[in-house]
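Number of protein chains: 2
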Amino acid sequence: MKKLYFTPGPSQLYFTVEEHLKTAIRTDIPSISHRGKAFESIFQQCTENIKSLLSLPEGYHIFYTSSATEVWERIAQNLIAHESFHFVNGAFSEKFKTIVSNLNKSALFQEAPEGEVVDVSSVLIPESSELISMTFNETSTGAMHQSSEIELIRTAFPEQLIALDVVSAAPSVEINFSKVDTAYFSVQKCFGLPAGLGVWIVNERCIEKSLTLLNKGNSIGSYHCIPELLSKSKKNQTPATPNVLNMYLLSKVTEDMLLKGIDQIRLETNYKAALLQHTISESPYLTHFVANAPNRSKTTVVANTLINSDKIIAELSNNGLVIGSGYGNSKSEQVRIANFPTHSKEQIELLSDQILSLNI
Amino acid sequence: MKKLYFTPGPSQLYFTVEEHLKTAIRTDIPSISHRGKAFESIFQQCTENIKSLLSLPEGYHIFYTSSATEVWERIAQNLIAHESFHFVNGAFSEKFKTIVSNLNKSALFQEAPEGEVVDVSSVLIPESSELISMTFNETSTGAMHQSSEIELIRTAFPEQLIALDVVSAAPSVEINFSKVDTAYFSVQKCFGLPAGLGVWIVNERCIEKSLTLLNKGNSIGSYHCIPELLSKSKKNQTPATPNVLNMYLLSKVTEDMLLKGIDQIRLETNYKAALLQHTISESPYLTHFVANAPNRSKTTVVANTLINSDKIIAELSNNGLVIGSGYGNSKSEQVRIANFPTHSKEQIELLSDQILSLNI
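These protein sequence lines are chains S and A, in that order. The opening position of the first sequence corresponds to residue 1 in the numbering used here, with each subsequent residue numbered one higher. The opening position of the second sequence corresponds to residue 1 in the numbering used here, with each subsequent residue numbered one higher.
Simulated from the structure, these hints should not be mistaken for laboratory data. Hints should not be assumed to be uniformly reliable.
Quick list of in silico lysine to aspartate or glutamate cross-link-like pairs, EDC-like style, CA-CA up to 16 Å [what the hints assert, rightly or not]:
#1 A:Lys-22 x S:Glu-48
#2 A:Lys-37 x S:Asp-310
#3 A:Lys-95 x S:Glu-228
Some chain A residues flagged as far from chain S (calculated, every beta-carbon gap over 12 Å) [stated by the list, open to error]:
#4 Arg-26
#5 Ile-62
#6 Val-100
#7 Pro-158
#8 Gly-196
#9 Glu-204
#10 Thr-241
#11 Ser-251
#12 Lys-345
#13 Leu-358
Please read these numbers as outputs of a predicted model, since none were measured by experiment. Note that beta-carbon positions come from the ideal geometry of N, C-alpha and C, so glycine has one too.
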């Protein structure tokens, strides 16, 4: 039986990917040179589509890396000389902080209790922190910041750089990118692609910061430092041979999403999220993990399980529906359900019905 | 018309890749969790196949990165505290040296004239150089070191680490990996896969060196430092979500290569290389770029063109055969022809016939 994946990444492929993959093979996309016109056209299309889909303001650039994890390291190299400040809401925001420390820089932080987000209005951030890191949607816990909280931080700290993790948020949730200086995501979440590609958005202030560090004699990394990425991106190229196939697929999936319309994708996201939250409320096996309703993620819905999560996951899997376990230590006590653009209303309704008719 | 790519990477896909890709999609490989048993089995198979195909000695570990370019940076972070020494035979060996410098470490070097390799017996390498870098097959110029030269360096410098670039060499050329401490390649050359995956081989001395640097307080990078890669690889996992699809394809292509037999692949490589060199000798449009015959690469055959290379490339492309231009400044004056395992004897014979019947 062909299964449907509601795991929070890698997840179900976007429903058009299989066709695009066939076209890619038929037209030799994996064999083309990354220094030739065919590749440059893919790069350009991909970049224009992302800018359009996310309504990026003027002056924001898009770079391609191998993952969002790589972007954490590139931000730590290019945008932080001494110190950063991190809102830690779970395992992924924590990992970024650790990467900054690994590069022998000081990573200050405020940590939220599990299933909550840090109350941004109560946090003291020293002026010495060059960059403030926020994670819009913490994929490990399903806790989501509000857009207003990002704006609050922007207003309070106009001089500092703000980095926003939009992994598993973009493009399903509307984000005002003009309020942040850099943002990033990987493609195996909402974009429904195979893993192996990260997208890094930076504004002019980031470019200036990296050049300032470089001119002071700091190492800002090598082939994937901002000046190298920028210089090559102006020619619609990358510093090293990239994951050309995934860039092609991303250019095609973003085209499909633009045709469908980002408003429609977000309306459906909201409907499906509401249905999943309702399902948790109704199920005798589940309770909400994120107590404060406005902080419940729309794209990564997390529930406590009143029995071992294995049993629920196995029962649904027998019916062809694959949901995720809890993250890390919560593996057996929680489930995580992805609500990405590829998951249709009908599929989420089916999943909801199956969850509500569980009898274990 | 479906074309045949003899470009030196990205190149023609290995002839079984299309079928493996169909199986991957049918069995949901892009959707599986990189923390689950199905992925661990792919990791394990891939690693065992590579070890077997390359006859790696005991005590050598295999890690997965996003590219060979990334490996350059990881070597510079993990294995060099202050100084390395580089044999520079062309653009790619030069790039590694530049990456070491970018990380504010000292990269000493000896450079060969274009189309030659550095005479290793005449080079003075200071004892202060912690790592010696050699490039077996310089993909930009088609100049190849001899195995005996690697052994000479090993004997002369038993204490220093030796890093061997085997991009576009492995597995087509036999290499005695026991003579080096680390080696690496990307999969879009001889392995005939889409770009977006690098393979990094390290021995115990590399692991010790990275731990020594870490314990001294040096930064050795973050998620892709050797201790992290090693710790996760023991569980057949990776520190971050990798290019799962490419790892699956690599596990399958290496399985196919093992079935065919590495000796057969190398015999065919030698036959096809000899035919291509003969073709250069016979063609009125081509001359050998690498003057010294034993240093002519078997897998990346480079020729000077007596007319603009564009014309030769266009004429062959009209007949469905795509060869590469010269690298960088030699773009118009040279051609580069890949001789990878996917290129059959019949295909190379066809290419040879077409080159010898050119009338421009």
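Please check whether the beta-carbon of Pro-158 (chain A) is more than 12 Å away from every beta-carbon in chain S.
holds, 29 Å
Claimed clearance of chain S by Arg-26 (chain A), with the beta carbon kept past 12 Å:
Not fine: 8 Å to the nearest Cβ puts Arg-26 (chain A) too close to chain S.
Is the Cβ of Thr-241 (chain A) more than 12 Å away from each Cβ in chain S?
violated, 5 Å
Straight-line Cα separation of Lys-95 (chain A) and Glu-228 (chain S) no greater than 16 Å?
holds, 13 Å
Starting from Lys-22 (chain A), check that the Cα of Glu-48 (chain S) is at most 16 Å away, please.
It is violated: about 30 Å lies between the C-alpha atoms, which goes past 16 Å.
Per the stated criterion, does the least C-beta distance between Ser-251 (chain A) and chain S lie above 12 Å, as a non-interface residue requires?
Holds, since 15 Å exceeds 12 Å.
If we take the beta carbon of Glu-204 (chain A), is the closest beta carbon in chain S still more than 12 Å away?
holds, 23 Å
Pair hint Lys-37 (chain A) and Asp-310 (chain S), alpha-carbon separation not exceeding 16 Å
The given pair, whose Cα atoms are some 15 Å apart, holds under the 16 Å limit.
Mind verifying the non-interface call on Val-100 (chain A)? Its CB should be farther than 12 Å from each CB in chain S.
Val-100 (chain A) not clear of chain S: closest Cβ-Cβ about 8 Å, inside 12 Å.
Does the claim that Gly-196 (chain A) lies outside the interface with chain S hold up, using a Cβ gap greater than 12 Å?
Check fails; 3 Å does not lie beyond 12 Å.
Compute the least Cβ-Cβ separation between Leu-358 (chain A) and chain S, then decide whether it is above 12 Å.
holds, 22 Å
Beyond 12 Å from every Cβ of chain S: is that where the Cβ of Lys-345 (chain A) lies?
Non-interface label on Lys-345 (chain A) holds, nearest chain S Cβ at 20 Å vs cutoff 12 Å.
Checked against the numbered hints listed earlier, the structure breaks hints 1, 4, 6, 8, 10; every other hint is satisfied.
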